[in-house]
Structure formats: C-alpha cells, structure tokens
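Trainee: Below are the chains, spelled out letter by letter.
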Amino acid sequence: MRRVEWPVYPQGDPRGLGLILATSLNAPFTGAAVPLIIKGTCELGGEPVPSEAILGAGLLFLSSVVMLPVAFKVFSSFMRRVVVRPDCLEVRKPFGAEFVRSDEVSELVVSDDTVVLKTMDGREVRLQVLDTEGFTETVRRLWGFEFER
Amino acid sequence: MNGRCYRFYGKAADPGRIRLYRIAAMIGVTSAAVAVMVMFGVLINWYFGAAMFALIFGGVPVLVYLLCSHVRVESDRLVIVRDYGFFKQEEEVPRHLIEGAEVITEEISTREGTRRIGVVRVYLRDRGCMPLVVSDPEGLARELGPPPS
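As you go down the protein sequences, you meet chains H and Y in turn. Heads up: the first sequence begins at 1 in my numbering, then just goes up one per residue. Heads up: the second sequence begins at 1001 in my numbering, then just goes up one per residue.
Source of the hints: derived by calculation from the structure; they are not laboratory data. It is possible that part of the hints are untrue.
In silico lysine-lysine, DSS-like type, Cα no more than 30 Å apart, as pairs [to be verified]:
id	chain 1	residue 1	chain 2	residue 2
1	Y	K1088	H	K93
2	H	K73	Y	K1088
3	Y	K1088	Y	K1011
Can you make the complete structure from the sequences, with help from the hints?
Mentor: Shown next, in the form of structure tokens:
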C-alpha cells in the first residue's frame, strides 16, 4: 500500500480517469475475442481461416496486451499528476517525472483550471490540476510563496 | 477492516457491503459470461461462444470499479481504494496528518462542456491540502472534521 506523505493533485476528475483505466483493461479480452469470431465465422462457412486474418488477429491480441501496461502507466500518471513536496514539485509524466525545485520558481499564476509556474531561466510549466485554489494554497504554505491571480 | 466507505459512485456503505458487491459482481459477470458462452456455443459454434465469454468477462474491471472503489475512513488512516477486479490500487493517508476537510465545488472541463463536481479538500498538518472526489463529499468531510481556522 502506497503511503501519501505529501499532497497529491490529479489532472481532472480521478474517478473518470479510473473508469477509463478500468475500461482499457477490457482490451486484451476484446483482442482475444476477435480471432475467435473470425475462426467461428470461417467454421460456419466451411472455409479455412485466411493467413492474413490469423496474422491480423494475432497482432491485434498482442498489441492489446502490450498496450495495457502503457495505458496503465499513462492514466496512473494523470491520477497522481503533481506531488507538492517541501523543496520541489514532482510532476509525473506518463514515463518518468519532472522535478521543479522551489527555489527555481519565480512566479506562479493561476488561470481557470491551469497553474503556470515561471522559473528563473524563463521556462514555463503549465499544470492542469483539480482544485487550483487548494494547490496554490498548498504551495504557499509549503514554500512560503506568494502568487498572483 | 473497519470504517465507513465513501464510494466513488453510489451511496456510502460499510466494508462488508463493499466486499459483498465485489463478490456479487465477479460471480454475476462470470456466470452471465458462461451462460452466453453456452448459448452461443450450442446455437452457433463454440468459437463464438468463447468470444462472447471473453467480451462479457472483460466487463469485470469496469463493474467492480463502479461498485467497489472508495475512500475508507479508519481510526488511524484514510484509505483510497481503486478496485479493478483483478487487482487493487491502495493509498493511505495517516490520520494524524489530517486536520480536517471541507467541501468545495470545482468545474471540470470535458469534451461535452464543463460540469461541476463536489470535491473534498482534505487539510494535512503543515502540508497544505489535497483534493479527493467521492459521491458523498459532505459525508466524508463531516467524518474528517471541520477545516482548521
């Protein structure tokens, strides 16, 4: 069980992201059903299964299985988009994470559902998170940072 | 396992009822899949039967996610459970870190337009706050206590 030590902000509604993830788990089953339907149809017609169909169905099944961990990684990263730590922000990407150090941030601007962090070197980090108001409050508390709206 | 479970979708329930939902969903979907498999197997052929089994059985993660994913309030921790049927993702927030909670309304942008959802803003001791989304935000916020002044 993962322990939440620091505030975690998802991108959008985490329930919806979880539902997409749960639906994507259906892919290997659909991938397995397609070759069976092809085989069943050919069996009904009394014809052999074309080799192209076998190849296509096999590739579909393989890709659906291979894509599963990828989909899981991508949607999990949306669910735990930003972790606010005392010295940095951990912005989770589908593959890996980006760290934005608190002493690098020069400005923090909120517009609607997006928080824009401007760093000393002129870089802009745009974060779409749920509850931007709470996010800025958390950053202010943990970093002692004032922001403009 | 103890504590009240605030489900992502649907009314809050006791842990025993969540367990019951899980077992019922697993058995229900599997038996429906077997019944359709036999029907298709006998009426058409068994390849179609197996395909139908795969397609229906693939619905387990979605159904279990909708019925059983929840935020559980225990005496010493808050547990966030995302249940996908074949596996679970669990996160825990130690209770001593939680100062209180309040309900806020957030606008979520979707392809269909914007919609408003109730979000529980959980205040963590000296760490700002983090959002949680459940179907009964008032109930969860009440159980976690009022936010610090």
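Trainee: Against this structure, judge whether each hint is valid.
Mentor: Each hint tested on the structure:
Restraint check for K1088/Y and K93/H: the C-alpha separation of about 22 Å stays at or below 30 Å, so the hint holds. In summary, the hint linking K73/H to K1088/Y is supported, as the alpha carbons are separated by about 15 Å, within the 30 Å threshold. A hinted pair counts as satisfied when its Cα atoms are at most 30 Å apart, and K1088/Y with K1011/Y qualifies at roughly 20 Å.
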